[in-house]
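Protein chains: 2
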Amino acid sequence: MSLNEKIEKALRDYLPDNDCLEKNLISSMEYSLTAGGKRIRPVLVLEFCRLCGGNIDDAMPLACAVEMIHTYSLVHDDLPCMDNDDFRRGKPSNHKVYGEDIALLCGDALQALAFKTATSNITPDNAYNVARAVNNLAAYCGADGMVGGQVIDLENEGKASGIEILKEMDSKKTGAIIKSACEMGCIMAGASDEEIASAAEFGESIGLAFQIQDDILDVTADQGRLGKPVGSDKENEKSTYVTLLGLDKCREMVACLTESAINSLSTFKGDVTALKQLALSLAKRDY
Amino acid sequence: MSLNEKIEKALRDYLPDNDCLEKNLISSMEYSLTAGGKRIRPVLVLEFCRLCGGNIDDAMPLACAVEMIHTYSLVHDDLPCMDNDDFRRGKPSNHKVYGEDIALLCGDALQALAFKTATSNITPDNAYNVARAVNNLAAYCGADGMVGGQVIDLENEGKASGIEILKEMDSKKTGAIIKSACEMGCIMAGASDEEIASAAEFGESIGLAFQIQDDILDVTADQGRLGKPVGSDKENEKSTYVTLLGLDKCREMVACLTESAINSLSTFKGDVTALKQLALSLAKRDY
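As you go down the protein sequences, you meet chains A and B in turn. Start counting the first sequence at 1; every next residue gets the next number (the working numbering). Start counting the second sequence at 1; every next residue gets the next number (the working numbering).
Be careful, since some hints might not be right.
The list treats identical chains as interchangeable, and a pair is accepted whether it falls inside one copy or across any two copies.
Only pairs whose alpha carbons sit at most 30 Å apart, straight line, appear in this in silico BS3-like list of lysine-lysine [claimed, not checked]:
(1) Lys-96 x Lys-159
(2) Lys-23 x Lys-159
(3) Lys-96 x Lys-38
(4) Lys-284 x Lys-23
To be clear, the hints were calculated from the coordinates, so they are not data collected in a lab.
Extracted from the complex, chain A is given alone in its bound form (with noise of 0.2 Å):
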């Protein structure tokens, strides 16, 4: 089984069972939660595991959990008190199936959901460990990190934000979890203070690229394989690193941001491949 088929089974696997009264929340949950999406954050938890010497099976109960983090987030993002958008990933979004009440709990719950995720595996020898991890993903998925990132966005819209107020949402709102993913790898595999430190900032350094990346394509890709209108940050008058800097000098720092992602992984001992590829891949992107 690949990496990513390992990851899809899993997801399914930690689904609450749905014989019971609220069996329209957990048909919600799996949803989205099976709606495809590229997987990245699970497998940076992974990756960044085993590159440290970890077993990828430990890091599992966190790859998912970072996953239904991120799921949830979309699944309220989508809601008509925010973005009211009716599609996601080229599918209807969780509301406009289960409505809004629904898809609202169907967020709360896949938040609960990746904390007993994470937690549902522990044993004396790596409690130690698995805590921190909980630590460092709630951390980083709360007011100070990806709500946070949120709430910057919303109330910068239709303003013509400069380019600090654009990468403090973006280093929280999208940057903050894809952190949280290589930290918690490297947690998990015990890995040192140091390693900590340099899967951070590829986890900065890619995450912030991504962001470049997305608001290339919004002018730029096909709209059926990109899976949502294109053009919607110009009409909501959006502020995007494209508008502020131009789209050439966007592409620029996406290389950029991708080498030196690339070059903090130098500190590890390990077989780096995976990564690389993987940084590589997320700046070629084209959907």
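With chain A's structure known, arrange chain B on it following the hints.
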């Protein structure tokens, strides 16, 4: 400092710093987290920890975590797509002050803060108990527990539900995290499985008694003292213990459940006075 004063202080101390771009979010979190409430769940964590020979300071992060979960559930519960309540504890509800988008994110951030707080003071020595407690809380507050109960509630709105559905709903919606609070206190003190099971029984009994008392107060209470409109269940055509069984039978059940809660404390060797008092005071409460 009394136990409740310690809890209030700790809750404030765990809030993120508001010197940031997302200060509106932090302010909304503070608004709901410090809006009063009886702090029953944190008291249960601390009292069960003390009863099982643990140090209450070690259980404070978990005590605050369960209150953060409870608070986030109230913020989301009040949203227009849910119960659409304008008031909570006599004050405008979170979304009436901060808007729906911030209130949604406030709930999300409070849930994350719960798990960050729960794991904020880990050491190699306490990590196994902390991780077990986190798993307990996450399981009870998610799809199989609190959120699942919310869904059962939503899907039975305006329907004449029978007593079995009502019990299933309440045991999840209200009962689950009360039970979790009791169990977590024991887990943190390294209690035996027998003690944890007795704490769970205590939690189940007072949880159900609490809900029945709520239904009684919805028909009998003084609106100013209750802090929310009286008679709202009838207006919403909700099946309640009172509509299904009548006031007298409900009062009898509260007394009976309180007695069985107190009986389940006989497993413990320590001083159960505080928990006994708590059970009795909940049964007698008029708000």
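Hint check results:
1. Taking the closest pair of Cα atoms, Lys-96 and Lys-159 come within 30 Å of each other both inside a single copy (28 Å) and across two copies (24 Å).
2. Proximity of Lys-23 and Lys-159 under a CA criterion of 30 Å is satisfied inter-copy only: 18 Å between copies versus 42 Å inside one chain copy.
3. In this assembly of identical chains, the alpha carbons of Lys-96 and Lys-38 lie at most 30 Å apart only when taken from the same copy (22 Å versus 38 Å across copies).
4. Taking identical chains as interchangeable, the C-alpha atoms of Lys-284 and Lys-23 are never at most 30 Å apart, the minima being 40 Å within one chain and 36 Å between chains.
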